[in-house]
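*Asks:* So you can see what is in the structure, the chains are spelled out below.
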Amino acid sequence: MTEPNEAGVRAQARAWLAEHWDAERSLVAWRGMLADSGWGMPHWPEQWHGRGLAVALSQAVDEEFAQFGAVGVAKMGIRLLAGATLLEHGDDFHKERFLRRILTGEDTWCQLFSEPGSGSDLAGATTRADLDGDNWVVNGQKVWTTSAHHADYGLLLARTDWDAPKHQGLTYFVLNMRQPGVEVRQLRQMNGHASFNEVFLTDAKIERPYRVGAVGQGWRIAMTTLAHERRGADGLRGSARERLGEGRIYAEEAAETATLMEPYKWYPQRAGRVDLVLPRARETGRIADPAVRQAVARLLVLARSAEWTARRARADQELGRPQGPEGSLGKLAASHVARAAAHAHTLIAGADAMLAGDDGPLDGLIAEILVSVPATSIAGGTDEIQRNIIAERVLGLPREPRMDSGPFRDVPRNVGG
Amino acid sequence: MPATAFSFTDEQRQFRDVARRFLGDVSPPTAVREWMESASGFDPAVWDRLAKELGFCAIHVPEAYGGQGFSFVELGIALEEMGRALLCAPYFSSAVLATGAIQHGGSEAEKMALLPDLAAGTRRATLAFTEPSGGWDVEQVALTATPVGGGYRLDGEKRFVLDGCTADFIIAVARAPGSRGADGLSLCILPGDAKGIERRPLRSLDPTRKLAHLTFHGARAAPLGEPEGAAAPLKRALAEAAAALANEMVGGAQRMLDSAVDYAKLRMQFGRQIGSFQAIKHKCADMLLEVELAKSAAYRAAAAVAEDDTDAPALASLAKASASEAYLGAAAACIQIHGGIGFTWENDTHLWFKRAKASEALLGDAAYHRELMMRHMQ
Chain A
24 MTEPNEAGVR AQARAWLAEH WDAERSLVAW RGMLADSGWG MPHWPEQWHG RGLAVALSQA
84 VDEEFAQFGA VGVAKMGIRL LAGATLLEHG DDFHKERFLR RILTGEDTWC QLFSEPGSGS
144 DLAGATTRAD LDGDNWVVNG QKVWTTSAHH ADYGLLLART DWDAPKHQGL TYFVLNMRQP
204 GVEVRQLRQM NGHASFNEVF LTDAKIERPY RVGAVGQGWR IAMTTLAHER RGADGLRGSA
264 RERLGEGRIY AEEAAETATL MEPYKWYPQR AGRVDLVLPR ARETGRIADP AVRQAVARLL
324 VLARSAEWTA RRARADQELG RPQGPEGSLG KLAASHVARA AAHAHTLIAG ADAMLAGDDG
384 PLDGLIAEIL VSVPATSIAG GTDEIQRNII AERVLGLPRE PRMDSGPFRD VPRNVGG
Chain B
-8 MPATAFSFTD EQRQFRDVAR RFLGDVSPPT AVREWMESAS GFDPAVWDRL AKELGFCAIH
52 VPEAYGGQGF SFVELGIALE EMGRALLCAP YFSSAVLATG AIQHGGSEAE KMALLPDLAA
112 GTRRATLAFT EPSGGWDVEQ VALTATPVGG GYRLDGEKRF VLDGCTADFI IAVARAPGSR
172 GADGLSLCIL PGDAKGIERR PLRSLDPTRK LAHLTFHGAR AAPLGEPEGA AAPLKRALAE
232 AAAALANEMV GGAQRMLDSA VDYAKLRMQF GRQIGSFQAI KHKCADMLLE VELAKSAAYR
292 AAAAVAEDDT DAPALASLAK ASASEAYLGA AAACIQIHGG IGFTWENDTH LWFKRAKASE
352 ALLGDAAYHR ELMMRHMQ
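Protein sequence lines correspond, in order, to chains A and B.
Per this note's numbering, residue 24 is the first one in the first sequence, and the count goes up by one each step.
Per this note's numbering, residue -8 is the first one in the second sequence, and the count goes up by one each step.
Derived from the structure by calculation, the hints contain no laboratory data.
We put the beta carbon where it would ideally sit given N, CA and C, even for glycine.
Hints should not be assumed to be uniformly reliable.
Per the computed footprint, the stretches of chain A lying under chain B, defined by three or more beta-carbons under 8 Å from a beta-carbon of chain B, are [to be verified]:
(1) 113 to 127
(2) 346 to 353
(3) 405 to 413
Using the sequences and the accompanying hints, generate a full structural model.
*Replies:* Written out as structure tokens, the structure reads:
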């Protein structure tokens, strides 16, 4: 879509880059310049490191950066979710204290929402925060926390009122992860990787100004964070920059990317590696088997129609039309695609599907696909929760009668949770 | 590809609204029930309005041949709405199959002579290519065309011919005696009531689409297009027909989803709307996913035909495979959600279920099209 002054904004961005870019600058120094000039997050308000541009224009600026080969502000990981949430719900203290260091990448963030006793039912959190003098004291356990082992801060959802109904007793905090009451342990997954952590909170302290929003408003604010996550601001998209230049700043950025992306290195396998199916079927000669051909074709039908469905949703969005049902189906479709891909890989591999590591096909990559795919239909909202959301919000079917209204204290919950 | 390639234009959306309103008026379930019981299978008055008021038979026919010169995308929209309304009409046979065969297989002079009448809806034709063997591949054709004078003498049988008993003329696919496979195939055209054709209606599972068995005893036919050169144009016409059918089918599938969801909101059991149970909710959510995926595939296939994309045959097969499973799945789930009432004759669901079941097989089932798709991709 063409905005009236898109060309002007692009020209401005190019001119600014031409004047200021220097590949020998340090990553943090350069990002500081981006944060101060507003060119790092052009759609953020001018007062807070932005230029107040429309999102579409901001994308145009991103494209200019990519074409120019310039490094942008730190966008990977949870930090950008923290930035977006604090921008919307934080006070001036939070914005002053955190936003710039989020953009420069000096601080790393993690998200302390899920708990062993509350996965799909996030609002059932039982980690507690109690006010003691000037500090909140936090006790409980969080889980599935990416990057917790090197995070400086955590976005914490904790219960502050046990007599209020479930969703109204939660409060949102910024937790300093570098303190004695915070213990981080790696969590090993069924595919052998350890991408996440368990975080044990024992009398961890939060100073009063680190509370975000009002007491009891935590659920609403957490929804903001999750909405940004769903919109794809989860930092998993790589840079669109094709030209990789030489210079100090690129080396520093590459090192940062390597650290932050490490936990996600099996994510392509989790999605089923559809790209490998046809080449593998051909190379192994298994494509001659009619059962294999049917399985491969089933997968391709599914994968391509899922891709087109996403493009239909995007096209309507770009044309400014109200979102149709297509926009809510991507996650559920991805689960089907991943399972169909794993099935096709299994048929193609034959007996080799029993082998892993160096003995397995593609040096164990196929085995990694087979044991990673089950995560797709769980992570980021299980298929069952997705179906509830689709049925209730898209199709307008009635909600189930609730068993968890009334004071949270009386709500049945997991033993020990 | 630009965003517009994955969305309909405002004009196309208006066209859909007009089609939906018209078809809602002329093809309510009571009308479907009336005309499916008739021998001809359609209401001539509705056909006239469809052709004259809406110009439906002319949508994708080039203006040079009396058409409106719109694209296959608009044809897809019309078909989707017809599928939704379960319109009983000889549209697919004449406007899609026969029109496509003439467009791709006919000479310039033949197109000038034949297409204007079909586009105006004043005459109707059908394509007779399937035989008692039940194969969908034209290479399996056995009907013989023996050259006689400037034409052919036809001997053999055709089966599963859409609207074969009511078509004004028939385009039959036949082969030179002794030829095999793709060689020797010709298109032959003859009036529906020509001497030497015996036309018998078949009892069809889906009474909303009429099927016929044709027996040729030395019937005389004129050549259409290049003699013995029909294989390639026919394959193209059949691929496009698969894309067209997929669009018709997703319209029916959406109707089944809507009906299931409406009923789930209405029906009370155990003191609650049944749609509040996850067992029902999840079934509906799965239906929505299947239907939307099938729509995406059908729309993409129609666009590929419109753009003359070299991938069009593969995409048409992909769309037909997807629509076959989505439509039947939606119809079966719709019956299931209705419970006992859904299995009665009185409830309308079975009308769409039967269309879904027959359409699943028509032009080749999902497994057949998955295989075709794989061949196109190799």
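*Asks:* With reference to the structure, classify each hint as holding or not holding.
*Replies:* Going through the hints against the structure:
Check on the region 113 to 127 of chain A: 0 of its residues sit with their Cβ under 8 Å from a Cβ of chain B, so the three-residue criterion for coverage is violated. Proximity of the region 346 to 353 of chain A to chain B, defined as three or more residues with a beta carbon under 8 Å from a beta carbon of that chain, is established by the 3 residues found. For the region 405 to 413 of chain A, the proposed coverage by chain B is satisfied: 5 residues have a C-beta within less than 8 Å of a C-beta in that chain, meeting the threshold of three.
Of the hints listed earlier, the one the structure fails to meet is number 1.
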